[in-house]
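Enquirer: So you can see what is in the structure, the chains are spelled out below.
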Amino acid sequence: MRHPSRRTRRVTTALTVSLIVTAGAAACGPEDNDAKAGGADAEPHKGGTLTVLNSDPQQDFDPARLYTSGGGNVPSLVFRTLTTRNREDGAKGAEVVPDLATDTGRPNKDATVWTYTLKEGLAYEDGTKITSADIKYGIERSFAAELSGGAPYLRDWLVGGADYQGPYKDKGKGLDSIETPDERTIVFHLNKPEGEFPYLATQTQFTPVPKAADKGTKYEEHPVSSGPYKVVENQNDGERLILERNEHWSAKTDEERKAYPDRIDVRSGLDSSVINQRLSASQGSDAAAVTTDTNLGPAELAKVTGDKDLASRVGTGHFGYTNYIAFNPKVKPFDNPKVRQAIAYAVDRTSVVNAAGGSSLAEPATTYLPNQKSFGHTAYDHFPAGASGNAAKARELLKQAGYANGLTVTLTHSNAKDFETGPEIATAVQDALKKAGITVKLDGLEDNDYSDTIQDVKSEPGFFLAHWGADWPSGGPFLAPIFDGRQIVEDGANFNTGQLNDKSVNEEIDAINKLTDLDAAAKRWGALDKRIGEQALTVPLFHPVYKRLYGKDVKNVVISDWTGVLDVSQVAVD
Amino acid sequence: MSEARAAAEGARAGTGTVLAPASGARQFWRRLRVQRAALVAAIVVALLVLLALTAPLLTAVEGQDPTTYHPELVDSARGGVPVGTFGGMSADHWLGVEPQTGRDLFARLVYGARVSLGVALAATVVEVAVGLVMGVAAGLGNRWVDQALSRFTDVVVALPLMVMSLALLAIVPSDFPRPVLVASVIGLIGWGSVAKIVRAQTLTLKQLDHVAAARLSGWGPWRIARRELLPALAAPVITYAALLFPVNISAEAALSFLGAGVKPPTPSWGQMLTSANVWYQAAPQYLLLPAGLLFVTVLALTVLGDGVRRALDPRAASRLSVGTGRRKETRA
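Chains as they are written, first to last, in the numbering used here: chain A, -17 to 556; chain B, 30 to 361.
Any given hint could turn out to be false.
Sample of chain B residues facing chain A (criterion: CB under 7 Å; computed from the structure) [to be verified]:
#1 Y98
#2 P100
#3 S105
#4 G108
#5 G109
#6 Q129
#7 S203
#8 R207
#9 P208
#10 G288
#11 K292
#12 P294
#13 T295
#14 V307
#15 P313
Pair by pair, the computed Cβ-Cβ distance ranges are [as the list claims (entries may be wrong)]:
#16 K74(A) <-> L80(B): 45 to 51 Å
#17 L188(B) <-> D431(A): 51 to 57 Å
#18 A361(A) <-> L188(B): 55 to 61 Å
#19 F324(B) <-> D434(A): 36 to 42 Å
#20 S203(B) <-> N387(A): 23 to 29 Å
#21 N387(A) <-> W248(B): 57 to 63 Å
#22 V256(A) <-> L317(B): 44 to 50 Å
Read the hints as simulated data drawn from the structure, not as lab findings. Every residue, glycine too, gets a C-beta built ideally from N, C-alpha and C.
If we strip away everything but chain A, and leave its shape as in the complex, we get (with noise of 0.2 Å):
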């Protein structure tokens, strides 16, 4: 699971560590795609120096280390991958497109197995062939223990994957369920259907890696450019990274990169507000800035809105993201799903809204899925409490689960001023809460130790604030964790909060993941997340919107739904 770097946080579910790194690159702009060009000339301009100011360095900056959505961000301005995010603003650029590839793969009939071929005239930075061998290669690295970081697919998914080591061991031994027959051909062997493999193979870990090159963990400090972009120098583990054109990238076989900058120069390390502070002035090099992981704050954003200038700087991105109320069945009075379902009646998502940072930071959330199409996004709201709560139902079925005369829960949540699991969102649903009888008591724990007892079975709590977003936009990785009863996890980080074991939800799951169209699983996914929905084992309350500023040199912003940030791969300076 990945989150978006929303302001300055730490990405707190266990999956997501790395995410960072990839939430990167997306400025705002304009959501239509008239305004590609960003400014009234037509072409945009090319080179140039684009400065991207970030929080969270680009740490590890091996294409197997990388946790990323999609590719990354300036990851993916250096590694190209067999598929990748298709470059567009708004709901198109939650589509898959082919990369390296000349397709998004071809699955067989129950897609178990899936052919890539490589387009013609692929080159690294010094010239030399990309082969498919060489994207072999660069998956089986990143089975190394010494190379961790990743997403955990390959592993469960490539047969043979759990227990295969890595090439650095066993004399450099191979994964034999991806197969090579010829240059510009590979193949993988699944050991389940898995209709969504086009979506990871966006990931860095399928960049090639040539063998030659390979200098382990030292990989990082000068991986092999396959990208428009090579590195020419990275700082303090990827603090400071200064990229430059690599000559032999061609963009005829890169539809999906403009690379209009000459050169890029990534500084990390900076407080959010100092970004947003150094993009509003626009100052210098600041001009030509960008921020992949840092977004406007409920407060800076009201400063922004005030001043027509900054205000036309300011892009929007979606990210496939739900912020929401879990419920732990196993403790009482959660197990009553009455209770629940007043709990769902009685929320003030207008309240909720504005301590998320308000309507344009926020929108209601009814449904568990995010509000996109690409999720499979069905509308539904099987316990209307309106835009302020509806008090009157919640006393109503309060009463009949034997609670007339009020209820008294815990409510637990994070101390991070994140807006999203943190106090004010805590205090604005207890305040709509005790509107129905229901008084809530905070339980308010630091951010490490929040993570570790909502994800741990033992110490879950039955009532507490969640978050959830996917690898990449569909309705699979978003749903398989959170209610599919089979990935509840005894020792260890669990998310499926309602602890929810359903044989037909888990049988419908695998069904869907034999589809290899798209669209048809969307559907689905769609129906499932209204059903499991019923049951009323969590309360949407919102999903984030994001609010990027960018400096005033910058042109041609395209934010897609898949990352909701600003795509350095399509900034063009003056």
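Given chain A's structure and the hints, the job is docking chain B onto it.
Expert: The following block gives chain B in isolation, referenced to the frame of chain A:
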């Protein structure tokens, strides 16, 4: 009767007659009263205390309370900035509303005053009580007792308040009443300097004739402490307490600022400062009000504390010629 005597004294002072030395309390008030800064500070502190004590009354007059959300009073599309000028100040909301929630700022400030002043006062009481016991015990005890208690006090003095408080507050179960907890933690970490002063004073007092006489006549240490030492210790301890109080207010604010203070939705000034610090440009009054109040309170208490010190300090008495009647005497 006392009024009559005061009037008589006043009359005598007016005529330039030499005054008999006034009693302790009266002398103290007289010396405090003549320090204009201390007087102003005392009035400010009195007003703040009144504000805190009458918080429910004041908010009832205003017609608001500190926790109710008013979503209609904030501009949701603009990050939740208060609608209207000066942060939404109006007849209904005297000092405007809090961004994002629309909660009434005046109500939050006056209720916050209860937390800030109450916690600081309780912490000061704890510090003085523990410090007195430890200091007197060390001063009166034998060599071993003194050594043990003094070294222990040294350790406590060396504890970094913020770090220790954060650590302690993190391990206590969350259903423990938070203001009590914060006050005890600040108090139990901060008593060291009181104990040191009390011990030093006790050692000096022990040499004095009246204490020595009491010891020789077979009084126990408890009785000596109560009857002979405490009256003499009052001045330095009160002085020090007056100076500790504003320090404790700052400590509570700092802990709340760091998220370890009282729990939401209970308002406290430090907590308000935490949420307000990002709003300094978009809604400046949200930051300036709690910051200003905190500043005024700490300043007033510090000035008052200094005034108390000067009024109680026997060495300062000679410098404080005014108010003892001597100035008029010399003029005459």
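Enquirer: Starting from the hint list further up, note which numbers the structure goes against and sort them upward.
Expert: 8, 9, 13, 15, 16, 17, 22
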